[in-house]
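Trainee: One line per chain: the protein sequences are A and B, in this order. All residue numbers for the first sequence refer to the working numbering, where the first residue is 43 and numbers rise by one. All residue numbers for the second sequence refer to the working numbering, where the first residue is 7 and numbers rise by one.
No lab work stands behind these hints, which were simulated from the structure alone. Quick caveat, the model's predicted, so the values are computed rather than measured. Glycine residues also receive a C-beta, built at the ideal position from the N, C-alpha and C atoms. Just so you know, not all the hints are guaranteed correct.
[What the hints assert, rightly or not] Some chain A residues well away from chain B (every beta-carbon gap over 10 Å; in silico):
{"id": "1", "residue": "50"}
{"id": "2", "residue": "51"}
{"id": "3", "residue": "82"}
{"id": "4", "residue": "98"}
{"id": "5", "residue": "106"}
{"id": "6", "residue": "115"}
{"id": "7", "residue": "151"}
{"id": "8", "residue": "153"}
{"id": "9", "residue": "284"}
{"id": "10", "residue": "299"}
{"id": "11", "residue": "330"}
[Said to hold, decoys possible] Ranges between beta-carbon positions, derived for each pair:
{"id": "12", "chain 1": "A", "residue 1": "306", "chain 2": "B", "residue 2": "197", "range": "44 to 54 Å"}
{"id": "13", "chain 1": "B", "residue 1": "186", "chain 2": "A", "residue 2": "373", "range": "55 to 65 Å"}
{"id": "14", "chain 1": "B", "residue 1": "143", "chain 2": "A", "residue 2": "170", "range": "45 to 55 Å"}
{"id": "15", "chain 1": "B", "residue 1": "159", "chain 2": "A", "residue 2": "114", "range": "26 to 36 Å"}
{"id": "16", "chain 1": "B", "residue 1": "203", "chain 2": "A", "residue 2": "193", "range": "33 to 43 Å"}
{"id": "17", "chain 1": "A", "residue 1": "130", "chain 2": "B", "residue 2": "66", "range": "19 to 29 Å"}
{"id": "18", "chain 1": "B", "residue 1": "158", "chain 2": "A", "residue 2": "130", "range": "46 to 56 Å"}
So you can see what is in the structure, the chains are spelled out below.
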Amino acid sequence: MAVIRDKMPAFQLFQPASTGEALGVLDQYGADAWVLAGGLDSWDWFKDRVKKPAAVVDLGGIESLRSIRSFGGTVEIGAMATLREVVRNPDVSSQFSLLVEATELAASPQIRNQGTIGGNIGQDTRCWYYRDGWSCYRAGGNICYADTPTAMNREHAILGASRCVAVNPSDTAPALVALDAEMVVENSGGQRVIPAQDFFIGPAIDIMRMTVLQPGDILTSIRIPSTWAGQRFYFEKSRDRAVWDFPLANVASAARITNGVIEDIRIVANGVAPYPVRFTAAEDAVRGEAVSDETAERAGEIAIRGVRPLAHNGYKVALLRNLVKRSVRGAEA
Amino acid sequence: MGDVEHIQTAEQQGVSRRSFIKGVIATGASVSASNYVLRGGHGVALAQAPGSVERLVTLTVNGQQRRVDVMPQETLATTLRYKLGLTGTKIGCDRAECGACTVLVDGVAHYSCSTLTHQVRGREVMTIEGLEGADGSLHPVQQAVVDLQGFQCAFCMSGFVMNMVELTNENPDATRAEAAQHLSGNLCRCVDYNRILNVAEKACELTRNGMRS
Ligand SMILES: Cc1cc2nc3c(=O)[nH]c(=O)nc-3n(C[C@H](O)[C@H](O)[C@H](O)COP(=O)(O)OP(=O)(O)OC[C@H]3O[C@@H](n4cnc5c(N)ncnc54)[C@H](O)[C@@H]3O)c2cc1C
Ligand code: SF4
Ligand code: FES
Ligand code: FES
């Protein structure tokens with residue numbers, strides 16, 4: 043049957059003025075509700091008739107979700123702050139330029155003008171089989187169309203897969219994990235605060251979700267503690283086109299360096315696994331070492347241990363090794 | 007809230023809600039596109055779930071208050087083109103991937119194909135039709151297009167022009183590279199980028215020289 047792909051099918055649209063009101067509607071509709079932020083990862087699903095929520099809850103009218111505040115060194119970014127607002131915020135750019143670099147490289151200017159940080163980390167995978175509505179594992183079926191010898195899997199995972207080999211495409215996610223950020227999530231039962239690293243989940247935990255967010259949950263803000271404020275940051279994104287394109291792989295690192303020695307470091311990559319991967323073994327190996335080509339090389343080699351490339355994404359192994367290497371060596375080198 | 011009051015007034019005057027809505031559509035829609043509009047299934051979806059959005063809304067477009075009947079799932083591009091008759095805004099991809107539909111919302115460039123009309127209630131929408139001054143004078147970006155004969159088929163033009171308006175407002179000192187960066191969310195299938203960037207530079211220059219923006 044031909045699929046109409048221009049106009050969206052009907053849904054009820056709610057525009058609550060408070061988080062409490064929004065949570066009420068979400069509870070009422072359960073799994074039939076869809077949380078709407080900027081909408082840039084929502085429209086495709088609706089236009090393609092792949093996801094058909096009965097109720098769409100637009101958080102755009104809730105002022106409190108949009109502010110970016112600083113207190114005692116912590117910067118708290120409202121989930122509804124647009125990517126443009128994150129980039130232009132003086133506290134974020136002076137303390138956590140890693141996040142600014144990552145955010146500026148996402149999508150296109152107009153998408154950053156409208157897309158939110160909450161939507162960027164809440165976005166679903168770009169696996170085209172799944173996005174096109176094929177009934178694969180992630181859609182509740184019993185096959186992965188991407189993990190076959192003839193599949194189109196150049197963009198898929200080399201690490202962390204479990205039946206589903208899709209990747210998390212977010213550019214901001216690895217930066218937030220590297221900065222030890224925390225996600226503040228509310229539902230009608232109360233509030234919970236989740237470390238960024240545990241917020242993103244792989245298919246081994248739940249094959250149908252990319253994050254811990256459940257129906258009824260609203261991400262209200264992201265807290266970045268002072269831990270890495272003003273430290274040495276490195277972000278690099280590899281993609282086919284300079285604009286609009288998702289990462290083939292990206293890397294984010296935060297390092298505390300004294301007299302050329304790495305006191306502590308976080309190394310995180312996205313686009314290579316179903317969740318942003320933190321390379322703790324590589325971090326352990328370089329902690330206490332001098333910043334050098336040798337140290338960097340070692341981190342890169344450790345990061346690619348255990349990779350399982352598919353038919354068409356073998357190039358990601360060398361890409362990941364080199365990105366991790368460069369993230370340890372730093373931008374000055 | 008003005009909408010609700012207006013509806014009550016209409017009802018008080020003995021005008022039925024349905025005929026009032028029809029009236030709004032008839033005045034808002036451009037004639038040639040009316041089939042397109044009505045295909046959405048009018049007469050079906052007037053019932054509302056409690057708490058969900060009111061369909062009769064007032065939008066601020068190019069400084070004017072425009073009353074219009076908007077479905078919950080309707081994009082701004084659809085409302086502008088097929089209900090308000092503002093066909094200067096183009097729809098290319100309908101997927102946030104080309105920029106042809108770019109309009110300004112509170113001065114910020116947005117893809118109108120990827121914005122719900124209900125998301126811009128209470129905000130100022132500016133389309134290419136709103137650039138010309140009341141006295142017929144051109145906006146610096148329009149003047150630059152005319153002077154340099156930018157664009158070939160010009161399908162991409164209104165999107166580029168609106169994004170350039172944002173550029174001249176925010177950074178009239180932009181270098182060519184900065185302009186290219188700013189305009190990177192717009193595609194031109196005729197690949198006229200060189201001249202488009204000439205236009206952007208010229209528009210910035212006209213703005214710096216004090217031409218209205
Ligand atoms: C053409 C194109 C290119 C792109 N390129 C890139 C790129 O290079 N890099 C990149 O990182 N991204 C890219 N994106 C993705 C884009 O950046 C994100 O889609 C955008 O940031 C999402 O934000 P949004 O507010 O529009 O999301 P929405 O579509 O509104 O939301 C996305 C998802 O998150 C959920 N959600 C959003 N906010 C909340 C909340 N507060 N609480 C609970 N759930 C929530 C929604 O329910 C939805 O499932 C691209 C998108 C497009 C269309
Ligand atoms: S990679 Fe995941 S999302 Fe893609 S087809 Fe396989 S199971 Fe589905
Ligand atoms: S029509 Fe909106 S971006 Fe292409
Ligand atoms: S001039 Fe033809 S698409 Fe740009």
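Trainee: If a hint holds in the structure, say so; if it does not, say that too.
Mentor: Each hint tested on the structure:
no. : hint                        : verdict
1   : 50                          : violated, 4 Å
2   : 51                          : violated, 7 Å
3   : 82                          : violated, 6 Å
4   : 98                          : violated, 7 Å
5   : 106                         : holds, 17 Å
6   : 115                         : holds, 30 Å
7   : 151                         : violated, 4 Å
8   : 153                         : violated, 6 Å
9   : 284                         : violated, 7 Å
10  : 299                         : holds, 31 Å
11  : 330                         : holds, 40 Å
12  : 306(A) / 197(B): 44 to 54 Å : holds, 48 Å
13  : 186(B) / 373(A): 55 to 65 Å : violated, 23 Å
14  : 143(B) / 170(A): 45 to 55 Å : holds, 48 Å
15  : 159(B) / 114(A): 26 to 36 Å : violated, 56 Å
16  : 203(B) / 193(A): 33 to 43 Å : holds, 40 Å
17  : 130(A) / 66(B): 19 to 29 Å  : holds, 25 Å
18  : 158(B) / 130(A): 46 to 56 Å : violated, 34 Å
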